[in-house]
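*Asks:* Listed here are the chains, written in short residue letters.
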Amino acid sequence: MSALATVVAELFPNGIAHYAVGGVLIGVGVAVIYLGTGISPGASTFLESTLSYVSTRERFAQQRFLASRDWRIVFTVGIVVGAAVYAIAFQGGAWITEVQPWRLFAGGVLIGIGTRLGKGCTSGHGVCGVGSRSGTSILNVAIFMAVAIGVAQLLLAIGVTP
Amino acid sequence: MSDDRHPLFMPLVGVGGLIFGFGLAISEMARPEVVLSFLQLSDLGLLFVMGGAAAVTGMLFAILPRTDRRAPLTGRAYARRLKTMDNNVVYGGAIFGVGWGLSGICPGAAYASLGIGNWPILWGVAGMFVGAYVQGYVRSRPTDAGGDVTAAD
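Residue numbers (our numbering), protein chains in the order written: chain C, 1 to 162; chain E, 1 to 153.
Isolated chain E, as found in the complex (with noise of 0.2 Å):
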């Protein structure tokens, strides 16, 4: 939609999705059972998965924010992934953890999942557009004044 996007930005916002699914599918993160085994505390490897991610980001945004570079193919400047603080990330986090801990799933392993083969987790990937939906259904009510305004990501 934006006609001045850099001809890169889609090949490399690809290359990137390619990379995370690919790390998701040999994690083996994107199967039910391992997170799932995982949470009943016999097979902690998750740990790794997470902690590695975080490492490679944690030395990315430790490093770029402090430059005054800018994204090359899109001129924003780098910063760190910041949201504002408010109840709704203690509900929204709660009601997350209760539906990770029934299914195992997550967004991101969820479509992972569905690359290696695992079309069941069709039922998951809609039951997240159904959530998705039926919250923000209820918060763009026009009582709903507040509404939350946060940083793009």
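Bound-form chain C, shown alone (with noise of 0.2 Å):
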């Protein structure tokens, strides 16, 4: 049992509760949408359908995301302001990562071609299209997953920190 514990406690250090009710409310976040509007939202397609109002690209200007601009709008200022509230009733103020701009940046271009290339992100794929035991959202999620932790341990390797 104690070796048991011990396995567990180096696996999760911080241990589980905070992770696991984090992951519900935003599997309930998704649901309240859901329920009332048959729409699986995620969280990439902003991107696109935000550029639509500054580009006339063909890409941009498809029906599906000048039909739903809008309200992703609402739904991004929906997650930015709901993080906040958090920020300000438990967390006691502004956090700021340590993690260098240059590495944000370069990952963000990564990630803006990667999932709008692959039709989802970790909401979209994640937790809308596993949830729907989608084979596609599941291959992505697999790949995605793998790769990242692949680079994350050769920064780790080469001494790229924070």
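Hints were generated in silico from the structure; no laboratory data involved. Take the hints with a grain of salt, since some may be wrong.
[Claimed, not checked] Covered by chain C, according to a simulated footprint, are these stretches of chain E (three or more residues, beta-carbon under 8 Å):
#1 27–36
#2 44–58
#3 82–89
#4 98–105
#5 108–115
#6 118–124
[What the hints assert, rightly or not] For each label pair, taking beta carbons as the anchor points, the in silico distance ranges come out as:
#7 C:Ser55 / E:Tyr91: 38 to 44 Å
#8 E:His6 / C:Val85: 23 to 29 Å
#9 E:Tyr91 / C:Ala17: 36 to 42 Å
#10 E:Ala55 / C:Leu156: 26 to 32 Å
#11 C:Ala17 / E:Gly75: 47 to 53 Å
#12 C:Ala9 / E:Gly75: 47 to 53 Å
#13 C:Ala61 / E:His6: 24 to 30 Å
#14 E:Met59 / C:Leu11: 22 to 28 Å
#15 C:Tyr53 / E:Met59: 31 to 37 Å
Just so you know, even glycine gets a beta-carbon here, dropped at the ideal spot from N, CA and C.
Both chains come to you apart, so use the hints to assemble them.
*Replies:* What follows is the structure, encoded as structure tokens:
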């Protein structure tokens, strides 16, 4: 028993409660929108649907982006405000990352390309698609998870920190 | 833009976003360091974030599409989230994976990260718009006859 407890403590040094509660709430947020509207919201489509306001390129001017761009802004603002409510109530002020800006920016560019090419991100494929037992989504998640673990390990090994 | 939308449509989307963002903040997935510690396999707690969320949506998608009910605010039939399979799903997943492993951020978590006061995340969000624009620009070329046709999500 104590050996098991040691393994668990090593794999989950910060416990699991806040992770599980947060995950369920993410699911509930999706559920509220899905139950009311029948829409499975993902977070990355916002990038392209919002670009349709400023670009007439055919990729952005698709009807599905034009028709959803306004509520996707509301969804995104809701995410920002919901996190801010948590920060104000429980976090005691702003929290600032120490991850270097070049990593955030370069990672962001690849995320912008990859999520739109791959038809979804951690929420669209990871939460809605996996919840739908979609083979496409499960494959996409398995690939991005494996690649991300490899890249993070590589950076750790060559000493890029934070 | 749609005048025929139900008056509760936008408020409901906003409330859903609030809960979604609150959950991302509690789970600490809004902190790139926490995501990176998962990817470095030093704290596997993030499995419970994705697992907890997928458990909730899994129940929804298992039950509602089997009924003949329609969503009250839109009249849409309840459907599972299914995307067509092609090579882009593989390439896109791999490119996203490199970005996620490099930065520890993803789109939803980045928006939430801004909410918890993490202003340097704007570098990441700006990068995402640049990336989304570049792929859209390239894929809009007249030579790109196919484009891609996927169901609206």
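*Asks:* So, for every hint listed, does it hold in this structure?
*Replies:* Against the structure, the hints come out as follows:
no.	hint	in the structure
1	27–36	holds (count 8)
2	44–58	holds (count 15)
3	82–89	holds (count 6)
4	98–105	holds (count 8)
5	108–115	holds (count 8)
6	118–124	holds (count 6)
7	C:Ser55 / E:Tyr91: 38 to 44 Å	23 Å, violated
8	E:His6 / C:Val85: 23 to 29 Å	25 Å, holds
9	E:Tyr91 / C:Ala17: 36 to 42 Å	37 Å, holds
10	E:Ala55 / C:Leu156: 26 to 32 Å	30 Å, holds
11	C:Ala17 / E:Gly75: 47 to 53 Å	39 Å, violated
12	C:Ala9 / E:Gly75: 47 to 53 Å	51 Å, holds
13	C:Ala61 / E:His6: 24 to 30 Å	26 Å, holds
14	E:Met59 / C:Leu11: 22 to 28 Å	26 Å, holds
15	C:Tyr53 / E:Met59: 31 to 37 Å	36 Å, holds
Violated hints, listed in ascending order, are 7 and 11; each of the other numbered hints is respected by the structure.
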